[in-house]
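For chain A, the structure is supplied; the task is to place chain B on it using the hints.
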Amino acid sequence: TQLLEQSPQFLSIQEGENLTVYCNSSSVFSSLQWYRQEPGEGPVLLVTVVTGGEVKKLKRLTFQFGDARKDSSLHITAAQPGDTGLYLCAVKNTNAGKSTFGDGTTLTVKP
Amino acid sequence: EAQVTQNPRYLITVTGKKLTVTCSQNMNHEYMSWYRQDPGLGLRQIYYSMNVEVTDKGDVPEGYKVSRKEKRNFPLILESPSPNQTSLYFCASGGRYTGELFFGEGSRLTVL
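Those protein sequence lines, which keep their order, are chains A and B. The numbers in my numbering rise by one with no breaks, and the one at position 31 of the first sequence is 38. The numbers in my numbering rise by one with no breaks, and the one at position 28 of the second sequence is 203.
These are computed hints drawn from the structure, not numbers from a lab. Hints are supplied without guarantee of correctness; some may be wrong.
[Unchecked claim] Some residues of chain B that are not near chain A, with every Cβ distance over 12 Å (derived):
1) E176
2) M225
3) S242
4) Q260
[Unchecked claim] Cβ pair distances, simulated, as ranges:
5) A/T115 - B/L186: 28 to 38 Å
6) A/V62 - B/V189: 50 to 60 Å
7) A/T115 - B/S257: 27 to 37 Å
8) B/E237 - A/S19: 29 to 39 Å
9) B/K246 - A/Y29: 34 to 44 Å
10) B/N226 - A/V35: 24 to 34 Å
What you are looking at is a predicted structure, and each value in this text was computed from that prediction instead of being measured. From the three backbone atoms N, C-alpha and C, an ideal C-beta is built for every residue, glycine too.
Here chain A stands alone, though its shape is the one from the complex (with noise of 0.2 Å):
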């Protein structure tokens, strides 16, 4: 079973459309990142969500964590081509070291 599962796997939308990603647990998280990856490159992390109910925003994306803390949600309004790419969510287990990813959502914004 996987820990983290997100959905969906492969969105395709057209320049100026919003979006929303989502990526689901039954197990309860003390933080829950986020990263983009493009193709070639390392990931890179866009935020850490870190209490329950918990709302960030970066430019036109939107970060949720469920209130549980079992879930999030990543938003984005307006997409543009330069969104494209690869996300994923991760936890980490601070006091033991595993990290697990979730197999990401690919994302492409045709212009």
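The following block gives chain B in isolation, referenced to the frame of chain A:
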């Protein structure tokens, strides 16, 4: 510039020929980790290190070795590579007690 540097970026080798992928970070991070990324399987953790001389297995450690003799370096060793180790490898570092990771640019390894 804060960065994680991996070498080589690309490597084609043959089965059984030992190789080492180096990883170095200049952010004074205590935590370092190796991952492999395969289509359909996502990013999977190979080994990690919470501090110098402290290493532990991730989810897919078979066929790999690591060492952490210095804080900044965390090499990944494939003693006898096999074709199923063909993959894209990433090194990452971060604070010991935070979840945030900073990744290298990746090393694409092909084992023939």
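For each hint, the structure was consulted:
1. E176: holds (14 Å)
2. M225: violated (5 Å)
3. S242: At about 16 Å from chain A, B/S242 clears the 12 Å cut-off, so the statement holds.
4. Q260: holds (19 Å)
5. A/T115 - B/L186: 28 to 38 Å: holds (30 Å)
6. A/V62 - B/V189: 50 to 60 Å: The hinted range 50 to 60 Å holds for A/V62 and B/V189, with Cβ atoms some 52 Å apart.
7. A/T115 - B/S257: 27 to 37 Å: holds (34 Å)
8. B/E237 - A/S19: 29 to 39 Å: Hint holds: Cβ distance 36 Å, inside 29 to 39 Å.
9. B/K246 - A/Y29: 34 to 44 Å: Given range 34 to 44 Å: holds, Cβ gap about 37 Å.
10. B/N226 - A/V35: 24 to 34 Å: The hinted range 24 to 34 Å holds for B/N226 and A/V35, with Cβ atoms some 26 Å apart.
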